Every structure is written in structure tokens, then in C-alpha cells.
Amino acid sequence: MKKESAKSLRAFAAELAIYAVLVTAYFFLVLNLLGNWLYRLDTQHRILYAVVALLLIVGQAVVLDVLTRALFGLLRRRWR
Amino acid sequence: MFFPISNSHIDPLYLAIVGFLIGILGGFFGVGGSFIAGPALRLMGVDWNYAVGTDLAHIVGKSIVAARQHRTLGNVDLKLGLIMAIGTIGGAEGGAQAIQALKRAGNVNTVVSWVAIVVYFSISIFMLWESQKTLRSHKGRSQNAGEPKADHSAFGSVTKRIQRIKIWPMVSLPTSGIQEISLWTILLVAVIGGFFAGFLGGGAGYIRMPSMVYVLGIPTHLAVGTDLFEIVISASYGTLSHAIKGNVDILIALVMQTGAVIGAQIGAVATQYFAGPKIRLAFVPLPLIGVAIVLYTLLTGHKL
Chain A
263 MKKESAKSLR AFAAELAIYA VLVTAYFFLV LNLLGNWLYR LDTQHRILYA VVALLLIVGQ
323 AVVLDVLTRA LFGLLRRRWR
Chain B
41 MFFPISNSHI DPLYLAIVGF LIGILGGFFG VGGSFIAGPA LRLMGVDWNY AVGTDLAHIV
101 GKSIVAARQH RTLGNVDLKL GLIMAIGTIG GAEGGAQAIQ ALKRAGNVNT VVSWVAIVVY
161 FSISIFMLWE SQKTLRSHKG RSQNAGEPKA DHSAFGSVTK RIQRIKIWPM VSLPTSGIQE
221 ISLWTILLVA VIGGFFAGFL GGGAGYIRMP SMVYVLGIPT HLAVGTDLFE IVISASYGTL
281 SHAIKGNVDI LIALVMQTGA VIGAQIGAVA TQYFAGPKIR LAFVPLPLIG VAIVLYTLLT
341 GHKL
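Just so you know, the protein sequences line up as chains A and B, in that order.
According to this note's numbering, the stretch in the first sequence is residues 263 to 342, in order.
According to this note's numbering, the stretch in the second sequence is residues 41 to 344, in order.
To be clear, the hints were calculated from the coordinates, so they are not data collected in a lab.
No experiment lies behind these values; they were computed from the predicted model shown.
We put the CB at the ideal spot given by N, CA and C, even for glycine.
A few of these clues could be false.
Unchecked claim - Derived contacts from chain B toward chain A, CB cut-off under 10 Å, selection only:
no., residue
1, Met41
2, His98
3, Ser103
4, Ile104
5, Ile284
6, Ile302
What the hints assert, rightly or not - Simulated coverage check for chain A against chain B, where a stretch passes if three residues somewhere in it have a Cβ under 8 Å from a Cβ of chain B:
no., stretch
7, 272-286
8, 289-296
9, 302-316
One chain only, chain A, in its complex shape:
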């Protein structure tokens, strides 16, 4: 039982580590590629800015979560 919970805790920590790398990379990508465009959008097209802002936030949570699980699954298969 203890072994099992230690194993699942390790898997959880590994998944978190992958996720942390991805979310940080995602932010820098958005900052470099969309930073100026977002600023202009906020001043000129508020409604579009609002939609893009929500998509960026949801994307960071959902897409990266899916990506993390896929990556983690791939790594686990390689380790076996």
C-alpha cells in the first residue's frame, strides 16, 4: 500500500515537473509572439481582446494539461 502511494506520488511529481516546464515555455511564447499585438488589441478591439484573452488562459490550462499527459504517457512507455 505504502509502495503504491509512493509510486503514484512520484508519478504525480513527474507530471507536475513536465507541466511546469510547458506552462513557462507557453508564457514566453505568448509574450514574444503576441505581446505587442495583445496591447494593440486591448486599445483598439476590446471584444476581440476579451475573446483572445480567455482563449489564451483556457488554452494554457487545457491544451498543456492534455500535452503533459501525452508526454508523460510517452515517457512512461519508454522507461518500461
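Based on the hints, put chain B in the right spot on chain A.
Relative to chain A, chain B alone:
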């Protein structure tokens, strides 16, 4: 780092750390963490309207991650969450309109600060009283050993009376163990929570999570998970509404979210090791931290 949308200079590491801490609290207590995020952004010189809107934006992503984690633990009542989302959105719009009116009147910072102090302080005092009373009355019973999700409340008799109010239509919430409750009671709780979400920022979990436990009678673990699910919907709406009004700096929100999504997962997993009254007792200092930060900024005149 300069954030041009809100015209502010903030260290991104500070934002990520604040996000991480709020993420843990969010995942564990089912709150957005605005009682800390709002003042923490104000402390860095971000205007209240931006602090409120930006905070809502980062809450969306963090709550998606935490709610997913709680769903796998069986802590989400989807039916209750969807009903509450309707009321919360209505209330949130009212709160956002109140912020706009205060912006036009030119005293948004002072009014929001004082309302925040009164609300946060009242919640802390009530939860301290209730959780201590519950823990004292259940001392010696093996609540922790077998069933960490088993829940009791010293406010239980009032909750039962509220559940007996028969105003049609009545709904049943089998996932939460409630046979029958008036739809209007659920909506009222949601509207009040939503108003504070729009007015003070965040998902208003600091009001809704306790309300779900004390007014609706939802077990604490389910209240935490369901609240997070509901926050995803209502905070998304709030983000859109505030962004259209020019109150969201999405770049600040994204930096905060890098820390928050990690913390949220840790917090969500941690809930399974604690009983309901202990989670509620641990909740008590959180709004008080918010009070302390708002008081500090008020007394020192730091950008208020």
C-alpha cells in the same frame, strides 16, 4: 518586467510565486484566492480595476486544472455546479456594474477596500467559531481514520431548516447527499457569491464555499470541488465582461497562472488527507491575510 496593458512594472517571479501560493489555496479550499491576489497586485501598484479583472482571468485556468483533479477524486457535483453558475453569472454582472459606477464616481479604490475588509473579516470570525465548535463536539470520534470525507457542522440545525423551505421548484442533489432543496435557495447563494465575485474580484469562493457548506448543507470536500467547477464557468464570464471594460492585463494573468496551475494540483490532491471541519478551520486565516494587506495599503497610502 513592464506590462504595457496595465502600465505597471512587476517582477514576474513575484507574480509566479503569488500564483503558486494562491494555486495551492485554491486547490485545497476551492477558492479563487482573490483575497490575496487582489491585494498582492495592488501592492505592486496595479489599479484595483486591473487587479480585479486580471485576477479573474488567472482564476479561470487554475480552476480548470484543480476542478479536473477534484473530479477524479469524486468531489464535483456537476448538477449543483451548473445551477449555481447561472446565479453566479447574474450576480457577477451586478458586481461588475457596481465597479463601473464607482470608477465613474472616482472612489473605486476606497470603497472596494473597505467592503473587502468587512466581508473577509466576517467570514473568518464565523468560520473560526463554527469549525472550533464542530471539532470540540466531535472530539474523540474517529472521523479522520476511516472516512476523511465524512462531514459535520455546528451550524447543521440551521442548514436543515433552510433545506426544509419548500418554494417550488425543488431539486434533488444525490451526489451531495441532499434529497430535496429549493432551486431558489441555491440561486440566492449563487447570486450573492456572484455579486462579490464581480465586485471584489476572483471567483468569490471565499463566500460561496462556506455558503455551500452552511446554507445548502454540501459536504466540505464536495463544496470545494463543485465550487471550483462552478468558478470555471462564472470566472470565464467575468473575465470576458471585465476584459471588454478594459480591466484585464492578460500577460500578468498568464505569468500568475504558470505558478497557479502547479499549486492548484498540489492543493487538490492534499484535500483527501483532511476532514471537513479541519479544512474549514484551516481556511480561517486566509481572509484575514487579505484584510491585513488591504489595511496596510489603506493606512500607508500605497497607491490607494
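Exercise. Mind checking the CB of B:Ile284 against every CB in chain A and telling me if the closest is under 10 Å?
Key: Constraint on B:Ile284 satisfied, holds at 5 Å.
Once the shortest beta carbon distance from B:Ser103 to chain A is found, is it less than 10 Å?
Given a least distance of 8 Å, the restraint on B:Ser103 holds.
query = Against chain A, is B:Ile104 within 10 Å by beta-carbon distance?
reply = The hint holds - B:Ile104 has a Cβ within 10 Å of chain A, the shortest such distance being about 4 Å.
Next on the checklist: Three residues or more, CB to CB closer than 8 Å: is that satisfied between the stretch 272-286 of chain A and chain B?
Outcome noted: Our answer is that it holds, as 6 residues pass the Cβ test (under 8 Å) against chain B, meeting three.
Q. For the stretch 302-316 of chain A, do at least 3 residues have a Cβ located nearer than 8 Å to some Cβ of chain B?
A. Contact hint for the stretch 302-316 of chain A vs chain B: holds, 9 residues under 8 Å.
Checklist line | Hint check, B:Met41 versus chain A [nearest Cβ-Cβ separation less than 10 Å] | finding: holds, 9 Å
Exercise. For the hint on B:His98, just tell me whether its beta-carbon gets within less than 10 Å of chain A.
Key: With a closest approach of 7 Å, the B:His98 hint holds.
Verify the interface restraint on B:Ile302: the C-beta must sit less than 10 Å from at least one C-beta of chain A.
Status holds, d = 5 Å.
Count the residues of the stretch 289-296 of chain A with a beta-carbon closer than 8 Å to any beta-carbon of chain B: does the count reach three? holds (count 3)
Consistency note: the structure conflicts with none of the earlier hints.
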